[in-house]
Amino acid sequence: MKFSRELQLPVFPEKETEKNKNIRNAYLGIPETGILYHHGLQFVPNLKESVLTELFRGRPVISADISKQEQDILSSLCPTNAFENNPFCLNLGKCVFCKECHFAMPEKIRFTNDYKIASNDPEMLKIYPGQDKPIEFNDAIRRKEVKKLFRKALKLRQVSAAGDNSCELELNASGNVNFDMGRYGIEFVASPRHADGIVITGPISENMAEALQTTWDAVPSPKVCILAGVDAISGGIFANSPALNRSFLSKYKIDLYVPGNPCHPLTFINGVLSLIGK
Amino acid sequence: MKESHIILSTNPAVFSTDDLPEIDYVQFWQELSSLMQDENNHVVAYFPLLHDDNKWNFICAVADDNKKNIRVYSHTCLREHAKLESLTPNINSIHIFEREMHENHGIEFPGNPWLKPVRWPYNRHESNSCMNNYPFFNIESKDLHQVGVGPVHAGVIEPGYFRFICSGETVHHLEIHLGYQHRGVEELFVSKSNYQQKAILSESIAGDTAVGHSLCYSQLIEQLASASVSESLSKERTIALELERIAIHIGDTAALCADIAYQLGQVVCESLRTVVINTTQFWCGNRLGKGFIRPGGTYYPITKKITDEILKNLEYVETRFKEMAAHLYSMPGTLTRFDGIGQVSKEQGIRAGLTGMAARMCGIKRDIRTSHPFQAFKNINYEPAVFNSGDVLARALLRRAEISKSIQLIRDIIDDIVSGDFSNGTDKTPDYNMSLKPDSACISMTEGWRGEIVHVAVTDNAGNICKYKITDPSLHNWTGLALAVRNQEISDFPICNKSFNLSYCGYDL
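Protein chains in written order, with this note's numbering: chain A, 321 to 598; chain B, 5 to 513.
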C-alpha cells in the first residue's frame with residue numbers, strides 16, 4: 321500500500337498480492353476503515369525542507385540601496401518600532417509581521433517565506449540592508465550542556481504569561497499529527513517537574529509574574545528557557561503597557577528566541593532542533 | 005413625554021453622546037428591570053465615563069434579539085462616594101458589569117451579593133487589593149473538600165485558577181478566578197496613537213478570534229469615520245470570519261476527542277483544522293488571520309485563485325469531517341461521555357446572559373448574524389442552528405451543525421462573488437488616517453466563533469478615542485461553565501471546559 325502526498329489518499333496497488341489482501345481485510349474488520357483509509361498519512365515528511373506558501377510572512381530582506389529618508393519613513397510607520405537606527409536594521413524580536421512596511425515600499429523591503437528565523441542570540445535577529453541569508457545560531461554563546469543533555473529528548477513545560485492564545489495554538493500544532501515534533505523526542509509535558517525547560521508565550525503580565533517564577537523554580541536544573549512569539553521576546557504591541565512585569569527575563573539566560581506573531585510551528589521546531597544540535 | 009432612551013437599528017451604530025437623554029437612576033432601574041423580563045433582551049455594554057472630573061456618566065446598551073435593535077440608556081451620579089442600588093438581584097446577567105465598574109472605579113452597588121474582583125487591572129480602584137486574596141466562596145463542612153487547580157494548567161493553554169468544592173467525586177460549586185492575562189488592552193486602545201497600532205491590538209485581544217475582533221474594530225472605525233467599504237470587501241471579510249469559525253470548531257472537536265481518549269477522532273480533526281487554517285494562510289500569509297482585516301480596505305483582495313483554493317479545501321474538509329462526525333456521534337463510547345454531561349438549562353442560560361454558542365446549545369436563539377446583521381450578513385437570511393439539551397453533546401453537535409452551515413455560507417458568498425464581479429485588486433487599501441466624528445459613540449458587534457463580540461468607542465471633542473470598551477463573549481460565558489459542572493463528577497470538568505473553550509485573555513483584556 322502506498323500513500324500519495326498530493327491527494328492525501330492512500331492508493332492500493334493495482335495488482336493485489338496476498339499480503340496486501342490481508343492488510344485490506346484487516347482494515348475492513350474495524351468500523352473506522354473508511355476514515356483511516358481517507359486519512360492516509362498526514363505528517364509533513366521533512367520538517368527542515370518543507371516549503372510554505374509564498375505569501376507567508378517570514379524572514380524579511382531590506383534592499384541595500386535604501387536611503388536615509390526612506391529609513392526614516394519606515395521607522396515612523398512601524399507599529400511596534402521594530403526598525404532600529406545606528407546602524408539601521410529591522411529587529412525581528414520586535415516585528416509583528418504585519419507587512420505594512422512592504423506595502424508602503426514594496427521595492428525596498430520584502431518578506432520571504434523563509435520560516436527558519438529563530439536564534440539563540442538577539443543580535444542575530446537583526447536584519448541589515450542588503451542582508452539576504454538565513455538567520456544563524458551564535459555558537460559562541462550556546463551553552464555546552466544543552467546539546468549534550470537534550471539532544472535525544474527535550475521535554476518542555478509551556479507557560480502562557482498573558483499570551484493571546486495564538487502562540488499557544490501554534491505550539492500545540494507543533495506536536496499534532498501534521499508537524500509531529502515528537503519524532504525528534506521534543507514534547508510538551510504537564511508538570512514542570514518532568515520538564516527540561518520552559519517555553520514562555522505572551523508579554524508577561526504583572527498578574528502572571530509570580531506564577532511564571534514558581535513554574536521556573538519547579539523545573540529541575542539544568543534547564544532551558546525559550547521565548548516563543550514577538551510578545552514574549554519584546555512585548556510586541558503591548559511593549560509599553562503598565563500592566564506588564566518583564567523582570568523575569570533579565571534574571572535568566574534565554575536559550576532561544578522564536579520570532580513570529582504567532583510563531584509558525586515550523587519556525588519553533590527548527591529553532592529547537594538547532595538549539596539541541598539536531 | 006420625553007424619551008428615556010435612544011434606539012439604534014444598525015450595526016455598527018453611531019450616536020452623538022449629546023443626544024443621549026439622561027434619566028435618573030431610579031427610572032433607569034425600573035425601566036431596565038421591566039425590559040429584561042423579556043428574554044430576548046440582553047445587556048451588551050454598561051460602563052461609566054468621567055464627566056467634568058466630578059460626575060460619572062453611565063452608558064448602558066441593551067440588544068434586542070427579536071426586534072433587531074439596540075436601546076441605549078444613560079444616567080449619571082456624582083464621582084465622590086458613588087453608590088447605586090444594584091440591579092443584579094433583578095437582572096442576574098448584569099453582575100459582571102457592576103463588578104467591573106466596582107473594581108475599576110470604586111462605585112458601590114449595595115444589594116449585589118457577589119461584588120467580587122473581575123481581573124485585577126493595573127489601574128484598579130483598590131490598588132492595595134492583591135491577587136492572592138481572592139475572596140473565594142466557602143462552605144464550612146467536614147464532609148466537603150476543596151480542589152484548587154491553576155493558574156498554570158497541565159497543557160499548552162492560558163492561565164486561570166479554578167476552585168472546586170466537592171463531596172467525594174461530585175462538584176457542588178466551581179469558582180473561576182481569572183485576571184492573570186491582564187495586559188491593559190482597553191487603556192492601550194486609548195493611548196496608542198494611530199489606527200494601525202490599534203488594528204494590531206484588536207487582533208491580539210484574543211489570538212484565536214483574530215478575525216472576529218479585528219473585524220469588530222475595523223467596522224467600528226469605518227462607521228465613526230463615515231467611510232464605506234465596497235460590497236465585495238464585506239463579502240471577503242465574511243468569508244474570513246466563517247473560515248475562522250470552521251477551523252476552531254474542528255479544532256475543538258479534536259480536543260473533545262482527545263479528552264475521551266478517542267485518538268482517531270483527534271488526529272483526523274487536527275489534520276482537517278490544519279487544512280482550514282492553511283487556507284487562511286494561503287489567502288493572507290498568516291494561519292490565524294493576523295494582519296488580515298484592516299479598517300478602510302484590504303491588502304489581500306480575493307482572486308479566482310483564492311476562491312478556487314477555498315472551495316477545493318472546503319470540499320475535502322466537508323467530506324472527511326462528515327464521515328468522521330457521523331461515526332463519532334454514533335459511537336456508544338462517545339455518547340456515554342457526552343450525553344447529559346455538563347448540562348445548562350435554558351433558564352440558567354438566560355439568567356447568566358450567555359451569548360453565542362453557549363446560548364444556542366441550551367435553546368436560546370441568539371446570534372448577531374441574524375439579530376444585528378453586519379457586513380455581508382445584511383443581505384443573507386442566516387438561520388442559526390439551535391440545540392436544546394444544553395450538555396456536552398449539544399455543544400459538540402452545535403459545532404458540527406455550524407461547520408456545515410458555514411461551509412454552505414462560504415459557498416453561497418463565493419458563488420455570488422464569482423457570478424458578480426471580482427474586485428480584481430480594485431479594493432481600496434487600508435486607511436489609517438480617517439478622522440472620526442467628535443463627541444460621538446459607536447457600538448459595533450460581530451458574531452465570532454465563541455459568540456457576540458462588542459466593541460464600544462467614545463470620542464472626545466477633537467475626534468480622538470477617549471474610551472474603548474470590549475466585551476468578549478467569554479465575559480458572560482465563564483458563568484455558564486461554572487453552572488455546567490455543578491453536580492457533575494470532577495473528572496468531567498475537562499470535557500465541560502473543552503466543550504465551552506472560553507477565552508482567558510478575552511476576559512482579562
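Please note that a few of the clues may not be correct.
Unchecked claim - Footprint (simulated), chain B over chain A, 3 or more residues, beta carbon under 8 angstroms: (1) 411–423; (2) 445–452; (3) 457–470; (4) 492–500; (5) 576–588.
Unchecked claim - When the alpha-carbon atoms are kept at most 30 angstroms apart in a straight line, the in silico BS3-like pairs for lysine-lysine are as follows: (6) A:428 / B:308; (7) A:339 / A:446; (8) A:446 / B:471.
Calculated from the structure, these hints are not laboratory results.
Nothing here was measured: the structure is a model prediction, and the numbers come from that model.
From the three backbone atoms N, C-alpha and C, an ideal C-beta is built for every residue, glycine too.
Hints versus structure:
no.	hint	in the structure
1	411–423	holds (count 6)
2	445–452	violated (count 0)
3	457–470	violated (count 0)
4	492–500	holds (count 5)
5	576–588	holds (count 3)
6	A:428 / B:308	holds (28 angstroms)
7	A:339 / A:446	violated (56 angstroms)
8	A:446 / B:471	violated (36 angstroms)
When the structure is compared with the earlier hints, violations turn up for hints 2, 3, 7 and 8 and for no others.
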